[in-house]
Amino acid sequence: MEEEKRLTAMAEAILFAAGEPVEASRIAQTLGISEHVIPSLMQNLQERYLQTESALKVIQLEKAWQLGTKEEYSPVIRTAMETRRMQPLSGAAMEVLTIIAYHQPVSKGFIERVRGIDSSSIVNSLADKGLIEEAGRIDVPGHPIGYRTTALFLRVFGLHSLKDLPDPGHASDMEFTGDLTEQDVSA
Amino acid sequence: MEEEKRLTAMAEAILFAAGEPVEASRIAQTLGISEHVIPSLMQNLQERYLQTESALKVIQLEKAWQLGTKEEYSPVIRTAMETRRMQPLSGAAMEVLTIIAYHQPVSKGFIERVRGIDSSSIVNSLADKGLIEEAGRIDVPGHPIGYRTTALFLRVFGLHSLKDLPDPGHASDMEFTGDLTEQDVSA
Amino acid sequence: MTEIRFRLPVFEGPLALLLHLIDKHQLNIYDIEITELLEQYLLYMEEAREQDLELAGEFLEMAARLIYIKAVSLLPKPEEAEKAKQELQGALLEYAFIQKTAKILKACFIADDIFVRKPMKLPKIKKDYSLRHSPEKLAEVYERVDRTRIKALSEKITDTVTQEKSVSVISKAVSVLRKLYQGNAVRVESLYDGVTDHSARVAIFLAVLELTRFGRISLNADNTVITIKKGR
Chain A
1 MEEEKRLTAM AEAILFAAGE PVEASRIAQT LGISEHVIPS LMQNLQERYL
51 QTESALKVIQ LEKAWQLGTK EEYSPVIRTA METRRMQPLS GAAMEVLTII
101 AYHQPVSKGF IERVRGIDSS SIVNSLADKG LIEEAGRIDV PGHPIGYRTT
151 ALFLRVFGLH SLKDLPDPGH ASDMEFTGDL TEQDVSA
Chain B
1001 MEEEKRLTAM AEAILFAAGE PVEASRIAQT LGISEHVIPS LMQNLQERYL
1051 QTESALKVIQ LEKAWQLGTK EEYSPVIRTA METRRMQPLS GAAMEVLTII
1101 AYHQPVSKGF IERVRGIDSS SIVNSLADKG LIEEAGRIDV PGHPIGYRTT
1151 ALFLRVFGLH SLKDLPDPGH ASDMEFTGDL TEQDVSA
Chain C
2001 MTEIRFRLPV FEGPLALLLH LIDKHQLNIY DIEITELLEQ YLLYMEEARE
2051 QDLELAGEFL EMAARLIYIK AVSLLPKPEE AEKAKQELQG ALLEYAFIQK
2101 TAKILKACFI ADDIFVRKPM KLPKIKKDYS LRHSPEKLAE VYERVDRTRI
2151 KALSEKITDT VTQEKSVSVI SKAVSVLRKL YQGNAVRVES LYDGVTDHSA
2201 RVAIFLAVLE LTRFGRISLN ADNTVITIKK GR
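Protein chains in written order, with the working numbering: chain A, 1 to 187; chain B, 1001 to 1187; chain C, 2001 to 2232.
Be aware that a few hints might be false.
Heads up, simulated BS3-like pairs for lysine-lysine below, C-alpha to C-alpha not over 25 Å straight-line [to be verified]:
hint : chain 1 : residue 1 : chain 2 : residue 2
1    : C       : 2106      : B       : 1070
2    : A       : 5         : B       : 1070
3    : C       : 2083      : B       : 1063
4    : C       : 2118      : C       : 2100
From the structure, some residues in chain C lie toward chain A, with a derived Cβ separation under 7 Å [unchecked claim]:
hint : residue
5    : 2129
6    : 2131
7    : 2176
Think of the hints as simulated: they come from the structure by calculation, not from any bench. C-beta: ideal position from N, C-alpha, C; glycine also.
Starting from the given sequences, assemble the full structure and let the hints guide the process.
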């Protein structure tokens, strides 16, 4: 039936874009249909995915529905996501990392103000890569979360300790003690 | 062919899970196949979506691929997710975006020189909208942060690649007629 | 000529204004009559002033630039005048190109009607970064960071921190409580008696807030008198 196909596709669109489980009632309300119809629409969708050998499947969670991939595709997804992680750090990521390395612990706000652009997704991605970690809250107004480099960071750059951080050219006479005040007095 | 169907489903799984555009090379690498095969796999997938009246479609952005929903489903998705349609950009924002699109990567300073006026808040707001992103530092004195357009930019302007950017001809061939001014005044 | 007052059009910047003037007065963009352009430009600025239209600093800079071009064109130095004019012409052509292109691009706008998914969240397989770099890379990258900003920021932070430390809120809270124990009720105003230092006054204010928040003291209805809370 044409109308049913149309409704199925609409439900599919909603589930796809939402990314997370969507309550049956919300789908029904959006489509202007009764909630009782939702399971049969979902079954249509599931059958279509099966028949066409799609990698997708419909998942039911209590009264909500979600789109996902069939289990058999997990390995290939994992491989694909991992290959991406092994890209070398971007210029921007490298820069955020050095700001943290030379001034730790620093907040996302500090990094944003130094760079003049919101850098919080870069900070998160550096944390995912294990190069930085949270270091409690910093004693400045607002008490933001501070970030510091990790042991992996030292390994990646072949350092034994933070004391071995190379002196940045013009700032060679600076003492990098991790204390903001002292560095800047001499800068 | 069975093998091709299997590869198509694998590519579909990768694109579904990634959400964002995935480089053809990365799909090929994950599947252990040649990059040349990717376009035909994508075409299989696209055809399957068309034939089965799925809400999904395959989008090509430069050398990457992404899954998305067909435009006709946007109203129903917006209702379900309670999101608003992106408003057309102001004249000033369009100018800044154009400068970035045609000259990327460019610094805020460059944009200011071309427009003759400080445009830094417009740049930040375009970045907030996800239409542009930073692209590392530029190798000119002062090493300013460069900006480039994003995959969302291409999607929002219906382009597959920066090569598809409209070609308005050269500045020097331009005829000065009254059409430039009136609208700009109100923009 | 009848004088009719129009609302002045607003321009995105001086270049947009210049292009408007060039077009309106049919000047040749490839050989600008600088005197005419300057006159029209200053006229606009004058009208903007009369209409209380605020113009960005860049408009003044452009006026200065036009005056400069006019000045050198009166001097017996044709090369310099020509060079200044060429530069302005280049900027105008480039900007006109952008204006035109922006319009064409805008026509392509189809909004965010194609929806995509957020990346799937995989069971947390935290993948450590496995590439290796030389330590010098860090210094090299850090070189390019705007150090003046770091300096300015650090000073600001240090300032606030030392300020906070010099007059701690806790010590003020103690002295507020001490005053309260001496008498039953205290006028808020009297807490500030003899305190001139701005940060000390702020600390007193914060101390009262904190004490109220923790239920140690209560304020009367119009926030002028504080009393110790009973039963504590």
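Status of the hints after comparison with the structure:
no., hint, verdict
1, C:2106 to B:1070, "holds, 21 Å"
2, A:5 to B:1070, "holds, 15 Å"
3, C:2083 to B:1063, "violated, 44 Å"
4, C:2118 to C:2100, "violated, 35 Å"
5, 2129, "holds, 4 Å"
6, 2131, "holds, 6 Å"
7, 2176, "violated, 22 Å"
The structure shown violates the earlier hints numbered 3, 4, 7.
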